[in-house]
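Student: Listed below, chain by chain, are the residues.
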Amino acid sequence: MSGASEPGNGQRSEEASRRAYVESGLDLAGLAAEPDEIAVIEAVDAIYGPSLRALMAEGFDEIPHEPGADMSRPPRTAEER
Amino acid sequence: MELLDRTLRDQAAAIAAGDADAGEVLDAALERIEERNAALNAIVETFPEESRRMLAEAPRGPLYGVPVAIKDEWPLPWRAERLGAAQHVGPAPQPGESGPYRALRDAGAVVVGVANMHEYGSGSTGHISAFGAARNPWDTERAPGGSSSGPGAAVAARMVAGAVGADGVGSIRYPAAYCGLTGLKPTFGRSMMQGHHVPQTTTIVSGPLCRDAPDCRLLGGVLFGEVLVGGDARAMRIGVVPGELWDDTQPAVREACNRALETLKDATGSQVEEVDFAGREHVLIASVLIGQTEDLANVTPERIEALGEDVSIIARALLRYRMLIPAVAISKAQQVRTLVRRSLDELFERVDVLAWPTVAAPAPRLDDTSVELPSAVYPADYVNPRQAGIANLAGVPAISVPVGLSPEGLPVALQLIAAWGRDELLLDAAEALERATEREWVDAAPDLAAA
Chain A
1 MSGASEPGNG QRSEEASRRA YVESGLDLAG LAAEPDEIAV IEAVDAIYGP
51 SLRALMAEGF DEIPHEPGAD MSRPPRTAEE R
Chain B
82 MELLDRTLRD QAAAIAAGDA DAGEVLDAAL ERIEERNAAL NAIVETFPEE
132 SRRMLAEAPR GPLYGVPVAI KDEWPLPWRA ERLGAAQHVG PAPQPGESGP
182 YRALRDAGAV VVGVANMHEY GSGSTGHISA FGAARNPWDT ERAPGGSSSG
232 PGAAVAARMV AGAVGADGVG SIRYPAAYCG LTGLKPTFGR SMMQGHHVPQ
282 TTTIVSGPLC RDAPDCRLLG GVLFGEVLVG GDARAMRIGV VPGELWDDTQ
332 PAVREACNRA LETLKDATGS QVEEVDFAGR EHVLIASVLI GQTEDLANVT
382 PERIEALGED VSIIARALLR YRMLIPAVAI SKAQQVRTLV RRSLDELFER
432 VDVLAWPTVA APAPRLDDTS VELPSAVYPA DYVNPRQAGI ANLAGVPAIS
482 VPVGLSPEGL PVALQLIAAW GRDELLLDAA EALERATERE WVDAAPDLAA
532 A
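Here the protein sequences line up with chains A and B, keeping their order.
Counting in the numbering used here, the first sequence runs from 1 upward without gaps.
Counting in the numbering used here, the second sequence runs from 82 upward without gaps.
These are calculated hints, taken from the structure and not from any lab test.
These figures come from a predicted structure and were not determined experimentally.
Glycine included, every Cβ here is placed at the ideal spot set by N, Cα and C.
Please note that the accuracy of each hint is not assured.
Which residues of chain B face chain A? A partial, calculated answer using Cβ under 7 Å [to be verified]:
{"#": "1", "residue": "Thr268"}
{"#": "2", "residue": "Phe269"}
{"#": "3", "residue": "Ile366"}
{"#": "4", "residue": "Asn379"}
{"#": "5", "residue": "Pro382"}
{"#": "6", "residue": "Arg397"}
{"#": "7", "residue": "Ala398"}
{"#": "8", "residue": "Arg403"}
{"#": "9", "residue": "Leu405"}
{"#": "10", "residue": "Tyr463"}
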């Protein structure tokens, strides 16, 4: 195993990256958090993070926008409105 | 059989015919809540004097004199909503006449109690609340579903025959599924929403939790402000989506839902075909992202840090986590929404309803809300939106109907989804299934309800 994901090899482990993301994010947002709250946040990100990041990786270039979307009705494009 | 054990419509008919005294029915409901609530924690507050005043002033509407419960998400003139939480984030809510309250009042119904809910509406299980967890009447060690946990538990325990919930990412359908009830998530915007604490929502709707579809039609019509006319669910084109929505479910769920689908098909002369829709792989995260960030407008770091330990650690952590979500993720979720809406719009040209299990597994335990599925073990809160979130994402109506019991004796449910505005078709289909199964599952009751 190359150990590319091991600390000290230029690429942090997923857990270390998550910890850094959470702690720096909270810090930038001006939010304090207890250790147990951080642990829960990390657990939540471990669950939702993969789906979240898969979503962010999508380009969605082909999807037309739906300006002023009305959730009570079928969709209409700007041309159809 | 006591009147309280009968359906909402039977209670209304008996009172209207003079066969039952509305005041006595109210007293009986309060007494039954007193008897059964300690084991279930379904109702967090009753207010006999307010209820009696409602009855005294009640017009002779379709629900005249019938006691109902309302989720702790809706303000009442004498009580602001608590959202199942010890503290509010943002301005403190005020008492008031919410849309659902007005609808119930104008129909002559009597609000007999406020029903428990999952803290801040942020869960699908109901196991976290400032009032303590609500419990499932089928097994009080199990979750009743959320976030309309109290409505589900109260109706399943026959404290009331109907309750008003709210559904932003499945929060009527999960307790309906876990508690063996029928729960309707209306087309977005079709049911009363005035006074809701997230007025800018694009996902949340008020809706009924009842024992069966005719009662959901009655209470749903009250919340819509219109009579939901019954129709004929014959010759439907029913779409099933192969893949995880059916396959990644517990065997008992899959088998019961398959049986129900076959029964529905045969009873209505319908056809079943395999279909699919675009964006399916992102429905879970997109529905959660949109549904759980719409209420952040009033959230600030100071307000989060002001929350004390009487707010659950989960809620304190989730609020912080939401402050870290990149804006691009919300934007992408909106694109998924557009993609799914377009795909469903095309799909509903080919099929009348979509069908799959409401939840992938029956109610989890309160002390461990994970569920074991063929693919992995998940927190129920994570996997449930995979099944139900699409309806909130797209704005379409969806109904959860009970279709069996697991080997452990826990309710199993099938979800039907239709196009915008076709709420009545879902009720028609649910009623057809009830008739075809001789009401086996809608009349099934937990032992606690027979006490």
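Student: Are the hints correct? Go through all of them and say.
Tutor: Now the hints, each set against the structure:
With a cut of 7 Å, the hint placing B/Thr268 at the interface with chain A holds, because the nearest CB-to-CB distance is about 6 Å. Taken as an interface hint, B/Phe269 checks out: its beta carbon lies about 4 Å from the nearest beta carbon of chain A, inside 7 Å. Evaluation of the B/Ile366 hint against chain A yields a held restraint, the C-beta minimum of about 4 Å falling below 7 Å. Interface hint status for B/Asn379: violated, as the beta-carbon distance to the closest one in chain A is roughly 16 Å, over 7 Å.
Satisfaction of the interface hint for B/Pro382 is found here, the shortest Cβ-Cβ separation to chain A being roughly 5 Å, below the 7 Å cut-off. The beta carbon of B/Arg397 comes within 6 Å of a beta carbon in chain A, closer than 7 Å, and the hint placing it at the interface holds. For B/Ala398, the shortest C-beta to C-beta distance to chain A is roughly 4 Å, which falls under 7 Å, so the interface hint holds. Among the interface hints, the one on B/Arg403 is violated; its C-beta lies about 10 Å from the nearest C-beta in chain A, farther than the 7 Å criterion.
The closest approach between the C-beta of B/Leu405 and any C-beta of chain A is roughly 4 Å, which is under the 7 Å cut-off, so the hint is satisfied. Contact between B/Tyr463 and chain A, as hinted, is supported at the beta carbon level, the nearest pair being about 5 Å apart and thus within 7 Å.
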